[in-house]
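J.: From just these sequences and the hints, can you work out the full model?
Under the working numbering, residues 1 to 437 are what the sequence shown spells out, in order.
Calculated from the structure, these hints are not laboratory results. Check each hint, because a few of them may be wrong.
[To be verified] Distance condition first, Cα-Cα at most 20 Å in a straight line; then the derived EDC-like pairs of lysine to aspartate or glutamate: (1) K312 with D326; (2) K172 with E258; (3) K389 with D200; (4) K257 with E280; (5) K374 with E394; (6) K411 with D237; (7) K244 with D226; (8) K172 with D150; (9) K244 with E280; (10) K256 with D150.
Predicted, not measured: the structure shown is a model, and the values here were computed from it.
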Amino acid sequence: MQSEGQDTQQTTEQTTGVPVTTARLTPASARIVIVGGGTAGITVAARLCRAIKNPNVTIIEPSEQHVYQPGQTLVGGGVFTYDQIVRNERDYIPNAARWVKESVVAFHPEQNTVVTSGGQSIGYDYLVVAPGLQLNFDQIAGLEGHLGKDGICSIYTLNDAVLTWRMIDEFKGGNAIFTFPATPIKCAGAPQKIMYMADDTFRRHGVRIDSQVMYATAGPRIFGIDAYVGPLNRVADRKKIERKYQHQLVEVRPGKKEAVFTVTREKIQGDQKVQEKVQEVIPYDLLHVVPPMSAPTFVQTSPLAHTEGPDKGWLKVDRFTLQHLDYPNIFGLGDVIGVATTKTGAAIRKQAPIVVHNLIATIDGRDAATSFQKYTGYTSCPLITGYRKLILAEFDYSGKPVPSIPWDSTKERFSGWLIKVYALPALYWHGMLRGLA
Numbered sequence: 001m002q003s004e005g006q007d008t009q010q011t012t013e014q015t016t017g018v019p020v021t022t023a024r025l026t027p028a029s030a031r032i033v034i035v036g037g038g039t040a041g042i043t044v045a046a047r048l049c050r051a052i053k054n055p056n057v058t059i060i061e062p063s064e065q066h067v068y069q070p071g072q073t074l075v076g077g078g079v080f081t082y083d084q085i086v087r088n089e090r091d092y093i094p095n096a097a098r099w100v101k102e103s104v105v106a107f108h109p110e111q112n113t114v115v116t117s118g119g120q121s122i123g124y125d126y127l128v129v130a131p132g133l134q135l136n137f138d139q140i141a142g143l144e145g146h147l148g149k150d151g152i153c154s155i156y157t158l159n160d161a162v163l164t165w166r167m168i169d170e171f172k173g174g175n176a177i178f179t180f181p182a183t184p185i186k187c188a189g190a191p192q193k194i195m196y197m198a199d200d201t202f203r204r205h206g207v208r209i210d211s212q213v214m215y216a217t218a219g220p221r222i223f224g225i226d227a228y229v230g231p232l233n234r235v236a237d238r239k240k241i242e243r244k245y246q247h248q249l250v251e252v253r254p255g256k257k258e259a260v261f262t263v264t265r266e267k268i269q270g271d272q273k274v275q276e277k278v279q280e281v282i283p284y285d286l287l288h289v290v291p292p293m294s295a296p297t298f299v300q301t302s303p304l305a306h307t308e309g310p311d312k313g314w315l316k317v318d319r320f321t322l323q324h325l326d327y328p329n330i331f332g333l334g335d336v337i338g339v340a341t342t343k344t345g346a347a348i349r350k351q352a353p354i355v356v357h358n359l360i361a362t363i364d365g366r367d368a369a370t371s372f373q374k375y376t377g378y379t380s381c382p383l384i385t386g387y388r389k390l391i392l393a394e395f396d397y398s399g400k401p402v403p404s405i406p407w408d409s410t411k412e413r414f415s416g417w418l419i420k421v422y423a424l425p426a427l428y429w430h431g432m433l434r435g436l437a
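T.: Shown next as structure tokens:
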């Protein structure tokens with residue numbers, strides 16, 4: 001029998017053939033609470049339950065359904081169905097974890113507690129914050145009550161993704177506008193992916209000749225990473241898609257089928273260039289809306305969020321260690337964190353083992369400077385450029401391509417499409433969410 005604190009090897013080579021983190025007996029008594037049962041929360045929970053001999057893990061998550069969110073674009077493009085990307089949340093809660101089927105409404109980090117929507121005050125020794133982000137459709141004037149009809153659609157909720165495919169499939173021609181907001185969003189490539197599949201569908205149905213496809217983005221260019229700007233512009237040129245930069249959707253007028261944009265322009269004032277904002281109204285027959293996004297309100301208003309700067313409102317973590325900058329017993333990952341990387345499932349896949357390793361190192365009392373692992377900012381964005389075509393963009397904090405397959409990641413490939421449609425869903429359900437990939 002081993003004494004408290006003695007090393008305990010628990011590797012899954014004996015059970016699954018996959019090694020996991022070495023744990024001590026000490027962590028078994030630590031109360032670890034995970035806020036969020038989406039991709040990030042479940043992946044971390046699964047890894048913790050594999051890495052700690054007697055885990056004391058609580059997951060706080062209100063939803064009874066777990067959605068494979070990267071599949072929503074393919075639902076919107078008619079490739080996947082609703083049922084293909086939805087599973088029961090219960091089936092992915094690790095057996096060793098406790099599930100509190102509520103939402104978090106407040107953090108009290110000084111007291112090491114969180115408050116739930118049911119009025120519970122749940123204490124923790126260590127906290128992992130992974131609630132995802134918040135879709136702010138209400139910030140677009142005139143949109144309420146019209147999403148999913150009147151020619152307005154969005155792939156950013158599953159039900160609306162189903163309706164998006166219906167609208168694309170039944171489109172008879174005219175102006176089709178695809179937007180991108182001024183905020184960070186979940187999967188920055190998704191607004192283009194659905195646009196390229198829509199363009200292919202319009203061509204297949206013979207209505208593209210009677211249509212104008214527009215990409216209206218609040219940003220200054222087609223994509224945020226230099227290496228992929230040229231390839232994506234060439235795709236848009238080939239498809240004759242008009243790009244409208246510095247165009248932020250602020251209002252829709254469903255009765256008139258008009259989209260209202262705030263447009264940022266430069267003008268010369270004296271001997272200086274200054275920016276001015278003007279309004280532009282563009283008629284539409286199909287309008288794909290990507291809402292502004294933010295950290296959930298209960299994170300924004302908490303002591304855990306940045307209070308100023310470009311990451312204001314997002315979770316305040318070190319971008320390498322993913323440890324909270326003010327509270328060392330708190331870690332964060334996924335869409336909620338305020339770091340300069342694209343918010344994707346691929347990023348979470350790299351962040352989760354870092355969080356688990358560094359959390360266990362913290363519990364063990366090891367020195368962070370010598371024992372912590374570092375997240376490089378890696379993310380991947382499988383950029384669908386049409387049916388059976390895909391650019392598998394992979395990059396890190398430097399913005400340079402870091403392909404995991406030895407090929408030119410700026411090229412369109414059919415093999416990339418096969419990875420997106422077949423390999424990645426299997427990796428997600430059977431690997432990531434089980435703590436094995």
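J.: Run the distance test for K244 versus D226: straight-line Cα separation, threshold 20 Å.
T.: Distance ~18 Å between K244 and D226 Cα, so the pair holds.
J.: Quickly compare the C-alpha distance for K172 and E258 to 20 Å and report which way the hint goes.
T.: Cα-Cα ~17 Å, so holds.
J.: Between K172 and D150, does the CA-CA distance stay at or below 20 Å?
T.: Satisfied, since the Cα-Cα distance of roughly 14 Å is no more than 20 Å.
J.: Could you grab the alpha-carbon distance between K256 and D150 and see if it respects the 20 Å cut-off?
T.: holds, 10 Å
J.: Assess, step by step, whether the Cα of K374 is no farther than 20 Å from the Cα of E394, and give holds or violated.
T.: Holds - the C-alpha atoms of E394 and K374 are around 18 Å apart, at most 20 Å.
J.: Assess, step by step, whether the Cα of K389 is no farther than 20 Å from the Cα of D200, and give holds or violated.
T.: Measuring from Cα to Cα gives roughly 11 Å; hence the hint holds.
J.: Just to be careful, I want the Cα atoms of K257 and E280 compared with a cutoff of 20 Å; is the pair within it?
T.: holds, 14 Å
J.: Below or equal to 20 Å on CA atoms is what counts here, so check K411 against D237.
T.: OK: K411 and D237 at ~15 Å, within 20 Å.
J.: Given the hinted pair K244 and E280, is their alpha-carbon gap at most 20 Å?
T.: holds, 11 Å
J.: Does the structure keep K312 and D326 at a Cα separation of 20 Å or less?
T.: Answer holds: K312 to D326 is near 15 Å, not above 20 Å.
Checked against the numbered hints above, the structure breaks none of them.
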